[in-house]
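*Asks:* Here is what each chain is made of, one letter per residue.
Number of protein chains: 2
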Amino acid sequence: MNQPVYNFGAGPAMLPPAVLEQVQAELLDWHGRGISVMEMSHRGADYMQIIAEAEQDLRDLMNIPENYKVLFLQGGATLQFAMVPINLLRGHHKASYVQTGIWSEKALNEARRFAEVEVSASNADRQARLVPPQSEWQVSKDTAYVHIAGNETIGGVEFDFVPELGDIPLVSDASSHILSRPVDVSRFGLIYAGAQKNIGPAGLTLVIVREDLLGQAPANTPTMLDYAVQAKEGSMHNTPPTFAIYMAGLVFKWLKKTGGLQAMAERNARKAELLYQSIDGSAGFYTNPIEPRNRSWMNVPFTLKNANLDKVFLQEAELQHLLQLKGHRLLGGMRASIYNAMPETGVQALVDFMRDFARKHN
Amino acid sequence: MNQPVYNFGAGPAMLPPAVLEQVQAELLDWHGRGISVMEMSHRGADYMQIIAEAEQDLRDLMNIPENYKVLFLQGGATLQFAMVPINLLRGHHKASYVQTGIWSEKALNEARRFAEVEVSASNADRQARLVPPQSEWQVSKDTAYVHIAGNETIGGVEFDFVPELGDIPLVSDASSHILSRPVDVSRFGLIYAGAQKNIGPAGLTLVIVREDLLGQAPANTPTMLDYAVQAKEGSMHNTPPTFAIYMAGLVFKWLKKTGGLQAMAERNARKAELLYQSIDGSAGFYTNPIEPRNRSWMNVPFTLKNANLDKVFLQEAELQHLLQLKGHRLLGGMRASIYNAMPETGVQALVDFMRDFARKHN
Numbered sequence: 193m194n195q196p197v198y199n200f201g202a203g204p205a206m207l208p209p210a211v212l213e214q215v216q217a218e219l220l221d222w223h224g225r226g227i228s229v230m231e232m233s234h235r236g237a238d239y240m241q242i243i244a245e246a247e248q249d250l251r252d253l254m255n256i257p258e259n260y261k262v263l264f265l266q267g268g269a270t271l272q273f274a275m276v277p278i279n280l281l282r283g284h285h286k287a288s289y290v291q292t293g294i295w296s297e298k299a300l301n302e303a304r305r306f307a308e309v310e311v312s313a314s315n316a317d318r319q320a321r322l323v324p325p326q327s328e329w330q331v332s333k334d335t336a337y338v339h340i341a342g343n344e345t346i347g348g349v350e351f352d353f354v355p356e357l358g359d360i361p362l363v364s365d366a367s368s369h370i371l372s373r374p375v376d377v378s379r380f381g382l383i384y385a386g387a388q389k390n391i392g393p394a395g396l397t398l399v400i401v402r403e404d405l406l407g408q409a410p411a412n413t414p415t416m417l418d419y420a421v422q423a424k425e426g427s428m429h430n431t432p433p434t435f436a437i438y439m440a441g442l443v444f445k446w447l448k449k450t451g452g453l454q455a456m457a458e459r460n461a462r463k464a465e466l467l468y469q470s471i472d473g474s475a476g477f478y479t480n481p482i483e484p485r486n487r488s489w490m491n492v493p494f495t496l497k498n499a500n501l502d503k504v505f506l507q508e509a510e511l512q513h514l515l516q517l518k519g520h521r522l523l524g525g526m527r528a529s530i531y532n533a534m535p536e537t538g539v540q541a542l543v544d545f546m547r548d549f550a551r552k553h554n
Numbered sequence: 193m194n195q196p197v198y199n200f201g202a203g204p205a206m207l208p209p210a211v212l213e214q215v216q217a218e219l220l221d222w223h224g225r226g227i228s229v230m231e232m233s234h235r236g237a238d239y240m241q242i243i244a245e246a247e248q249d250l251r252d253l254m255n256i257p258e259n260y261k262v263l264f265l266q267g268g269a270t271l272q273f274a275m276v277p278i279n280l281l282r283g284h285h286k287a288s289y290v291q292t293g294i295w296s297e298k299a300l301n302e303a304r305r306f307a308e309v310e311v312s313a314s315n316a317d318r319q320a321r322l323v324p325p326q327s328e329w330q331v332s333k334d335t336a337y338v339h340i341a342g343n344e345t346i347g348g349v350e351f352d353f354v355p356e357l358g359d360i361p362l363v364s365d366a367s368s369h370i371l372s373r374p375v376d377v378s379r380f381g382l383i384y385a386g387a388q389k390n391i392g393p394a395g396l397t398l399v400i401v402r403e404d405l406l407g408q409a410p411a412n413t414p415t416m417l418d419y420a421v422q423a424k425e426g427s428m429h430n431t432p433p434t435f436a437i438y439m440a441g442l443v444f445k446w447l448k449k450t451g452g453l454q455a456m457a458e459r460n461a462r463k464a465e466l467l468y469q470s471i472d473g474s475a476g477f478y479t480n481p482i483e484p485r486n487r488s489w490m491n492v493p494f495t496l497k498n499a500n501l502d503k504v505f506l507q508e509a510e511l512q513h514l515l516q517l518k519g520h521r522l523l524g525g526m527r528a529s530i531y532n533a534m535p536e537t538g539v540q541a542l543v544d545f546m547r548d549f550a551r552k553h554n
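Protein sequences appear in the order of chains X and G. For the first sequence, position 74 (counting from the first letter as 1) is numbered 266 according to the working numbering, and the numbering increases by one without interruption. For the second sequence, position 14 (counting from the first letter as 1) is numbered 206 according to the working numbering, and the numbering increases by one without interruption.
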C-alpha cells in the first residue's frame with residue numbers, strides 16, 4: 193500500500209514499523225546463525241543474551257530499582273488477576289481494589305476467589321467518568337495491598353496521580369499505558385502489563401515486582417503461578433514465549449533510540465491533546481465524557497451525536513486507511529487507541545478525517 | 193547461507209522452511225490488509241477466521257471426534273502439569289502416573305500439590321530404558337485418571353502402545369510427538385502439548401479434551417486455568433497468543449499439503465530407522481541405550497564411547513551446519529531431535545557426518 197495505514201486497535205495493537213521491518217529482515221536467519229530466533233534453544237548463549245538485553249533495556253528505560261524483579265510471563269493480565277492475590281496476600285485475608293471501569297472490576301471479581309475483597313473506592317456512581325480522588329478512599333489497615341488499573345483501556349480513564357499508601361503495597365494493571373511516560377517504579381509493589389499494547393505481540397505478560405513481596409504463595413500454588421519460582425529461574429522455569437520476548441526487546445531498543453520515556457511522553461501528550469481538542473471543538477458532533485484530568489493518553493473513546501452514522505464513519509475511515517476505530521462491544525461508539533507506536537501523523541490524519549466527516553454529515 | 197542448515201534442537205525447534213518463508217512474506221501486510229497478523233484484533237473477522245481454520249485443520253489432521261474440545265492456551269506443558277489435576281480430579285482424591293523419565297516425573301511431582309499421586313508403574317529401576325508394559329501397571333479403581341508422557345523428550349523413550357484403561361481417562365503429555373503419526377484420539381481423555389516442537393513457536397499450548405470431563409474444577413480455580421471456561425469462550429477468555437496460533441495454523445496447512453499424518457509417519461519412521469541403524473552399526477563408537485520397541489522417533493539421545501570427543505563432535509558438526517546436537521544438561525552426551533520439520537536430507541547429512549567423524553577419530 194502506498195498511503196500509510198494507521199491502526200487504532202486497542203490491542204493487539206499497532207507495532208513500531210521499524211521493529212516489524214527488522215523482525216521481517218532477520219526472521220529466517222538471525223545474525224548469520226542460519227536459523228530463526230523462534231528455532232533457538234531458550235538456554236543457548238544467543239537467546240540468553242537476547243532476554244538479558246531485553247531486561248536490561250527495560251530497566252534502563254523505566255529506571256527500575258535493583259530490588260525489583262522483572263518477569264516475562266504468559267497468560268495476559270487476566271492471569272495476573274489471580275496471581276496477584278495468590279502471591280501477595282502473604283497471610284492477609286483482605287485485599288483492596290479501586291474500581292474505575294471494566295478492567296479493574298474484572299480484577300476484583302477474580303480476586304474474590306482468593307481473598308476478601310474491599311472496594312476502597314469506585315466511580316460507578318459517576319458513570320465511570322473519573323478516578324476517585326484519594327481523599328475518598330477507604331483502605332483498611334490490615335489489607336494485603338491496594339490494586340488499581342492505572343489506565344482503563346475500555347473506558348479511557350487514566351490515573352493522574354500515584355496513590356500514597358505508606359507501607360501497603362500498591363499494585364497496578366498498567367497493560368495499556370506502561371512505557372507511555374516516565375513513572376517512579378519505587379512507588380509500586382508490583383506493576384503488570386499484557387504485552388499487546390505498548391510492549392510487543394500478544395502472549396507475553398510483563399511483571400515488575402519488589403522482591404521482598406515474593407516467596408509467600410500457598411503450598412498448593414501451581415508452580416508456574418509462583419512469582420518466586422519465576423524470579424529465581426529468570427523467567428525460565430520452562431520454555432518462555434521466546435519470540436514475543438525477542439520482539440519486546442526490539443521495542444525497548446526502539447524506545448531508547450527514539451529518546452526514551454520522557455521524549456515518548458511529550459509525543460503522547462501532543463497526540464492526546466490534538467485528538468481531545470478535535471473532539472471538544474466539534475460543537476457536540478463528537479463527545480468524550482471523561483473528566484479532563486483523567487482522560488487517557490492512550491485510549492480515547494468517543495461517540496457520534498448521531499449513532500446512525502457510526503457505520504458510515506467506520507467505512508469512510510477504513511477507506512482512508514484509518515483502521516480498527518470501532519468501540520468496545522460493551523460501550524459501543526468509537527475508540528481511538530493511540531499507543532506509543534502511533535505516530536503524530538496518524539493522529540493528525542484521524543483528526544483531519546473527523547473534521548471532514550463532521551462537515552459532510554452535519 | 194548456501195549450504196543448508198539442519199537444526200536438531202529439542203525445542204524451540206526447527207520449523208518448516210516453507211512456513212517461515214510465508215510468515216516472512218506476509219509479516220508486514222497480511223493478505224493486503226496493510227497490517228501484520230500481530231496487529232489484528234483477536235475478535236475481528238480476519239483473526240476469527242485464522243483461528244477457526246487452525247482448529248478445523250487440526251481436527252482434520254488428527255481426526256478429532258466432535259465430543260472433544262480443542263483449546264489454544266499458554267504456559268507450556270508445565271502449566272498443564274497443574275491444570276490436569278485441578279480440572280480432572282472431579283471429586284476424586286487420587287491420580288495415577290506412569291513414570292518413564294524426567295518429564296513424567298515432573299508432571300507427577302507437580303500433581304502432588306493437588307492430589308494423592310499413585311505411581312502406577314516406573315522404569316526407574318531399569319535406567320529409564322523402556323516403557324513398562326501395561327501388565328505391570330497397578331491402577332487403583334478409584335483413581336481420577338492415568339497420566340503418561342507419550343514421548344520423553346530428554347530420555348528418548350516413546351510409548352509403543354496406547355494403554356487400555358476402561359472407563360478411567362487416559363491423559364498424555366504429547367508435547368514432543370504430537371502430529372508425528374496418526375493416533376486414535378478417542379482412546380484418550382485429554383492430550384496436551386507445548387507447541388515448540390511439532391506445532392509452532394514457543395508460547396502456545398494445545399489441549400484436546402473430551403468434553404464430558406470439563407466443568408468440575410474447584411471454585412477457587414484461577415479462571416484462566418479452568419478448561420471449561422476456555423472451551424466455552426473458544427480459547428478467547430482473554431487475548432490469546434495470536435501470532436503463535438496463526439503460525440500453528442500454517443504448520444497444520446503444511447502438514448495437510450504434504451500428505452497428512454500417515455505420510456508424515458512414513459517419513460518419520462524412515463528418518464528414525466536411518467539414525468538408529470547408524471548408531472547401532474558404529475561398533476560401539478555411538479550408543480543409544482533404549483529398548484528398540486521404545487526408541488523415540490523424535491528424540492534420539494546418544495553418547496560417544498569417548499566422552500572426551502564430545503566437544504570436538506559438536507564443533508565439527510556445527511561447521512557442517514548441523515546445529516544444537518548437545519544433549520540435555522541432565523543426561524549429557526548428544527541428542528538429535530528429528531521432528532516433523534526435519535527433512536530426510538537432514539538426517540542423512542547427520543548420519544554421513546557421524547560416520548566420517550567415527551572413521552576419523554576411531
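Among the hints, a few may not be true.
Identical chains blur together in the list; that is why a pair holds if it fits in one copy or across any two.
[Said to hold, decoys possible] Result set (DSBU-like, lysine-lysine): computed pairs, CA atoms no more than 35 Å apart in a straight line:
hint, residue 1, residue 2
1, K333, K449
2, K286, K497
3, K552, K298
4, K552, K503
5, K424, K518
6, K286, K445
7, K298, K286
8, K445, K518
9, K503, K298
10, K424, K503
11, K518, K333
12, K445, K424
13, K424, K298
14, K445, K333
15, K424, K552
No lab work stands behind these hints: they were computed from the structure. Keep in mind it's a predicted model, so treat the numbers as computed, not measured.
*Asks:* If a hint holds in the structure, say so; if it does not, say that too.
*Replies:* Hint check results:
1. K333 / K449: neither (44 Å within a copy, 63 Å between copies)
2. K286 / K497: neither (44 Å within a copy, 61 Å between copies)
3. K552 / K298: neither (40 Å within a copy, 65 Å between copies)
4. K552 / K503: Result: close within a single copy only, 15 Å intra versus 73 Å inter.
5. K424 / K518: between (42 Å within a copy, 25 Å between copies)
6. K286 / K445: neither (40 Å within a copy, 50 Å between copies)
7. K298 / K286: Both: 17 Å inside a chain and 34 Å across chains, each within 35 Å.
8. K445 / K518: both (31 Å within a copy, 32 Å between copies)
9. K503 / K298: Result: close within a single copy only, 29 Å intra versus 53 Å inter.
10. K424 / K503: between (51 Å within a copy, 30 Å between copies)
11. K518 / K333: neither (43 Å within a copy, 55 Å between copies)
12. K445 / K424: Classified as within: same-chain Cα gap 25 Å, cross-chain 39 Å, threshold 35 Å.
13. K424 / K298: Result: close both inside a copy and across copies, 29 Å intra and 18 Å inter.
14. K445 / K333: Answer is neither: 41 Å inside a copy and 57 Å across each miss the 35 Å cutoff.
15. K424 / K552: neither (60 Å within a copy, 44 Å between copies)
When held up to the earlier numbered hints, the structure conflicts with 1, 2, 3, 6, 11, 14 and 15 and fits the remainder.
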